[in-house]
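Assemble the dimeric complex from its two separately framed chains, guided by the hints.
Listed below, chain by chain, are the residues.
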Amino acid sequence: EPEVTQTPSHQVTQMGQEVILRCVPISNHLYFYWYRQILGQKVEFLVSFYNNEISEKSEIFDDQFSVERPDGSNFTLKIRSTKLEDSAMYFCASSDQGGGNIQYFGAGTRLSVL
Amino acid sequence: KQEVTQIPAALSVPEGENLVLNCSFTDSAIYNLQWFRQDPGKGLTSLLLIQSSQREQTSGRLNASLDKSSGRSTLYIAASQPGDSATYLCAVIVGNKLVFGAGTILRVKS
Numbered sequence: 036e037p038e039v040t041q042t043p044s045h046q047v048t049q050m051g052q053e054v055i056l057r058c059v060p061i062s063n064h065l066y067f068y069w070y071r072q073i074l075g076q077k078v079e080f081l082v083s084f085y086n087n088e089i090s091e092k093s094e095i096f097d098d099q100f101s102v103e104r105p106d107g108s109n110f111t112l113k114i115r116s117t118k119l120e121d122s123a124m125y126f127c128a129s130s131d132q133g134g135g136n137i138q139y140f141g142a143g144t145r146l147s148v149l
Numbered sequence: 018k019q020e021v022t023q024i025p026a027a028l029s030v031p032e033g034e035n036l037v038l039n040c041s042f043t044d045s046a047i048y049n050l051q052w053f054r055q056d057p058g059k060g061l062t063s064l065l066l067i068q069s070s071q072r073e074q075t076s077g078r079l080n081a082s083l084d085k086s087s088g089r090s091t092l093y094i095a096a097s098q099p100g101d102s103a104t105y106l107c108a109v110i111v112g113n114k115l116v117f118g119a120g121t122i123l124r125v126k127s
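So the sequence lines, in the order shown, correspond to chains X and F.
Every number in the numbering used here is 35 more than the matching position in the first sequence, counting from 1.
Every number in the numbering used here is 17 more than the matching position in the second sequence, counting from 1.
Just so you know, these hints were derived from the structure itself, not from any lab.
Idealized CB from N, CA, C, for every residue including glycine.
Mixed in with the good hints there might be a few duds.
Stated by the list, open to error - Derived PhoX-like pairs (lysine-lysine); straight-line CA-CA distance at most 25 Å:
| no. | chain 1 | residue 1 | chain 2 | residue 2 |
| --- | --- | --- | --- | --- |
| 1 | F | K59 | X | K113 |
| 2 | X | K118 | X | K77 |
| 3 | X | K92 | X | K118 |
| 4 | F | K18 | X | K92 |
| 5 | X | K77 | F | K85 |
| 6 | X | K77 | F | K18 |
| 7 | F | K59 | X | K118 |
| 8 | F | K59 | X | K77 |
Unchecked claim - Example chain F residues on the side facing chain X (calculated, C-beta under 8 Å, incomplete):
| no. | residue |
| --- | --- |
| 9 | Y48 |
| 10 | N49 |
| 11 | Q51 |
| 12 | K59 |
| 13 | L61 |
| 14 | L106 |
| 15 | I110 |
| 16 | F117 |
| 17 | G118 |
Isolated chain F (complex conformation) (with noise of 0.2 Å):
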């Protein structure tokens, strides 16, 4: 059974670090990961999806990368804003259904 981990659960930043999330999973035979942002009470907003041919994909400040055969994925922010505060999920794609981790909540101190 797939099971995705998400690490660290929670961070906190001051403004303009730089900073990465991890994202695990066990089993490697997935289709493609996606990330995701869920602010408090709302819904899921998809922030990069990357092929499990693809090692990376970028969007604006956001990179994300992928070791498939490892069962890895990091999502990595740069220069972070007060206003990247949120929880952070990763999903991969089995199937016709994503697994999703726990997530890590975000907050990014002015």
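Same shape as in the complex, but just chain X (with noise of 0.2 Å):
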């Protein structure tokens, strides 16, 4: 059964460091998704990519926060200057279509800043 595969499972990075989340979404998906959630807290929506554009966002992403579609296969998600406030784990999603359609999830990659 197609998935969703991210890379790396554990990231560990110091306080100011750029990282960058990698996802390999479901091959004919064309719609992309970043999540994350804080230990102990909700999963909240961070960014939806459609048509190599963002199409929504959330306040969480801010000006540190980026996303590319670099070639026909990955999606990643890159934080310029990590905060300890980032340490969470971050879900990639994808769907076959928007407008409601189901959104399958990645195994996650968590972040830990130090």
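In structure tokens:
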């Protein structure tokens, strides 16, 4: 069964460093998403991406964050200068259509900022 | 602003019991509703998606209902098993994003 793949599974970084989280969405999907879950809190929406541009973003997704689809298969989330409060599990998701279609999630990347 | 609440926060039942998990949302202007399962430290596994025009959706021992006008959904698990132990998340789909509840932690004792 097709699945969303995320790498690495765990990333440890120093405060102020840049990190790139990588995702390979399901191959025929056109809509891509990033969510995050701080330990003990709800899963929160960060950004949605379609047709090579951001379609929606949350208040969390400030200038420190960016997303990119560098080639036909990868979808990345970059955090330019990490803060302690960026420590969380980051989930990538994809769907074949927008407007309420089912979203499939990857296993997540646990980001630890020291 | 859409808020999603799940009750109870935690539930412990003996194996074989039928159970109901509840989800409520404040704004009925949703596209669809999706139920997920999350195992500790793991990703989210989609269980069921109910479209806003539907009342019910079934998959195996799982049955999810949706009453959009009252802002409620329930997930019914029949004949629970220890392998069902996990956190169950409800999320409403608003535009391009999912808005999640905090989840119900389910423990099924053998």
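Going down the list of hints, with the structure as the test:
1. K59/F / K113/X: 22 Å, holds
2. K118/X / K77/X: Within the cut-off at roughly 19 Å; holds.
3. K92/X / K118/X: 19 Å, holds
4. K18/F / K92/X: Cα-Cα ~15 Å, so holds.
5. K77/X / K85/F: Between K77/X and K85/F the Cα gap is close to 22 Å, so the pair holds against 25 Å.
6. K77/X / K18/F: Roughly 15 Å separates the two Cα atoms, so the pair holds.
7. K59/F / K118/X: The given pair, whose Cα atoms are some 23 Å apart, holds under the 25 Å limit.
8. K59/F / K77/X: Holds, at about 14 Å.
9. Y48: Holds, about 3 Å.
10. N49: 4 Å, holds
11. Q51: This interface hint holds because 6 Å falls under the 8 Å limit.
12. K59: 6 Å, holds
13. L61: L61/F check passes; min Cβ-Cβ to chain X is 4 Å, inside 8 Å.
14. L106: 7 Å, holds
15. I110: It holds, given that the least Cβ distance between I110/F and chain X is near 4 Å, below 8 Å.
16. F117: Check passed: Cβ of F117/F comes within 4 Å of chain X, closer than 8 Å.
17. G118: 7 Å, holds
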